[in-house]
Amino acid sequence: MAAAVVTKHAFKVEYMQPFVDSLRTLFDGHLGHPVQVGKLNLKVDAHPSYDISGVITFTGTVIGRAVVSFPYDVAEQIGKDYLKMDLPDGVLPDIVGELANIIVGRAKSTLHNHQITISPPTVIVGKNFTITLQRGAQCLEIPCTCKYGNFTLELSIVENKP
Amino acid sequence: MKFLIVDDSMTARLIGRKTFESLGHTVLEASDGQEALTVLATQSPIDVIILDWNMPGMNGFTCLENIRKISALNRTKVVMCTTEAEKMSVIKALQAGANGYLLKPVLPDKLKQGVEKALGTSLS
Chain X
83 MAAAVVTKHA FKVEYMQPFV DSLRTLFDGH LGHPVQVGKL NLKVDAHPSY
133 DISGVITFTG TVIGRAVVSF PYDVAEQIGK DYLKMDLPDG VLPDIVGELA
183 NIIVGRAKST LHNHQITISP PTVIVGKNFT ITLQRGAQCL EIPCTCKYGN
233 FTLELSIVEN KP
Chain E
85 MKFLIVDDSM TARLIGRKTF ESLGHTVLEA SDGQEALTVL ATQSPIDVII
135 LDWNMPGMNG FTCLENIRKI SALNRTKVVM CTTEAEKMSV IKALQAGANG
185 YLLKPVLPDK LKQGVEKALG TSLS
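These protein sequence lines are chains X and E, in that order. The opening position of the first sequence corresponds to residue 83 in the working numbering, with each subsequent residue numbered one higher. The opening position of the second sequence corresponds to residue 85 in the working numbering, with each subsequent residue numbered one higher.
Errors might be hidden in some of the hints.
For lysine-lysine, the following DSS-like pairs were computed, each having C-alpha atoms within a straight-line distance of at most 25 Å [said to hold, decoys possible]: (1) X:K162 x E:K194; (2) X:K166 x E:K196; (3) E:K171 x X:K166.
Per the computed footprint, the stretches of chain X lying under chain E, defined by three or more beta-carbons under 8 Å from a beta-carbon of chain E, are [claimed, not checked]: (4) 117-127; (5) 176-188.
Looking from chain E toward chain X, a few residues come up when the C-beta cut is under 8 Å (computed) [as the list claims (entries may be wrong)]: (6) D92; (7) T95; (8) A96; (9) L98; (10) N138; (11) M142; (12) R152; (13) T167; (14) A169; (15) E170; (16) P189; (17) Q197.
Hints listed in this document are in silico derivations from the structure and should not be mistaken for laboratory results. Using N, Cα and C, we set each Cβ at its ideal position, and we do this for glycine too.
Starting from the given sequences, assemble the full structure and let the hints guide the process.
Take a look at the structure:
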């Protein structure tokens, strides 16, 4: 019996830069401190990298998803900077979703020549989840560091060919 | 004045409520476009609607189109408050009848200024 052939779709760097730029704009601007972006890794593990993750999927001329994943304490500190006050009970997952929404929303506007629609954010609390990819798609993990610690931005984007 | 904050984000609704209640205004909330239309049908007159775009169920743009079909809401100002940063989205919203367009993230000062610009008057 012939094995199914799954085409590997190379991730184009042109897709990544708008997300990194958007992340930097959010940190430098609203959050008020810089973020360092490390060397890209090909993510092989389908689980979220850290404790709390905001997931946005997009469809259109490209399809894929972006995940921003934080250790809980880092998310909490960033959340305080986002709101400019102590966090009310239960609001942290919502803020993580908003952060993902802002990063992807801004990136979308600079993904030239692509018409995409983004989903409302989904927030995953915990690591015991599997985030599935488009068949054959690769996921790039972008390690990030801010003054509160490390987190990741994970991107999987492929052209939507019929 | 009476405000309606329409956003699936609890955080965005919290910021809106904090902003306008601190200035002595009444704030109502809805978490999607359909819920907003229900509130508008039962709680009119609403003076200002702060409207997110990307929401589950009825999104903000469809909600805006519906709002502008309701003659009783002709005088209601709608300020989009969204992560949709594309120029075409801004144009589309303004053409559909939005009175202002704010890009998230917003804090109380930016939100207040955006609404004042749409209203053409000071809120405080």
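Results for each hint:
Of the supplied pair hints, the one linking X:K162 and E:K194 holds, its CA atoms being roughly 18 Å apart against a limit of 25 Å. Between X:K166 and E:K196 the CA atoms are separated by roughly 16 Å; this keeps the pair inside 25 Å, and the hint holds. For the suggested pair E:K171 and X:K166, the alpha carbons sit about 29 Å apart, so the restraint of at most 25 Å is broken. Given a C-beta distance limit of less than 8 Å, the hint that chain E covers the stretch 117-127 of chain X is violated, as 0 residues qualify and 3 are needed.
Using a Cβ-Cβ cut-off of 8 Å, 9 residues of the stretch 176-188 of chain X lie near chain E, which meets the minimum of three, so the contact claim holds. A cut of 8 Å between beta carbons decides the hint on E:D92: the least distance to chain X is about 6 Å, and the hint holds. The closest approach between the C-beta of E:T95 and any C-beta of chain X is roughly 5 Å, which is under the 8 Å cut-off, so the hint is satisfied. This hint holds: E:A96 has a C-beta 7 Å from the nearest C-beta of chain X, less than the 8 Å allowed.
For E:L98, the suggested interface contact is upheld, since its CB lies about 7 Å from the closest CB of chain X, less than 8 Å. Here the hint on E:N138 is kept, as its CB sits about 6 Å from the closest CB of chain X, short of 8 Å. Taken as an interface hint, E:M142 does not check out: its beta carbon lies about 12 Å from the nearest beta carbon of chain X, beyond 8 Å. Checking E:R152 against chain X by beta carbon gives a least distance of about 22 Å; that is not within 8 Å, so the hint is violated.
Among the interface hints, the one on E:T167 holds; its C-beta lies about 3 Å from the nearest C-beta in chain X, closer than the 8 Å criterion. A hinted interface residue such as E:A169 counts as satisfied when its beta carbon comes closer than 8 Å to some beta carbon of chain X; here the least separation is about 4 Å, so the hint holds. The beta carbon of E:E170 comes within 4 Å of a beta carbon in chain X, closer than 8 Å, and the hint placing it at the interface holds. Because the smallest distance between the Cβ of E:P189 and any Cβ of chain X comes to about 5 Å, under 8 Å, the interface hint for this residue holds.
Of the supplied interface hints, the one on E:Q197 is violated, with its beta-carbon coming no nearer than about 15 Å to a beta-carbon of chain X, more than 8 Å.
When held up to the earlier numbered hints, the structure conflicts with 3, 4, 11, 12 and 17 and fits the remainder.
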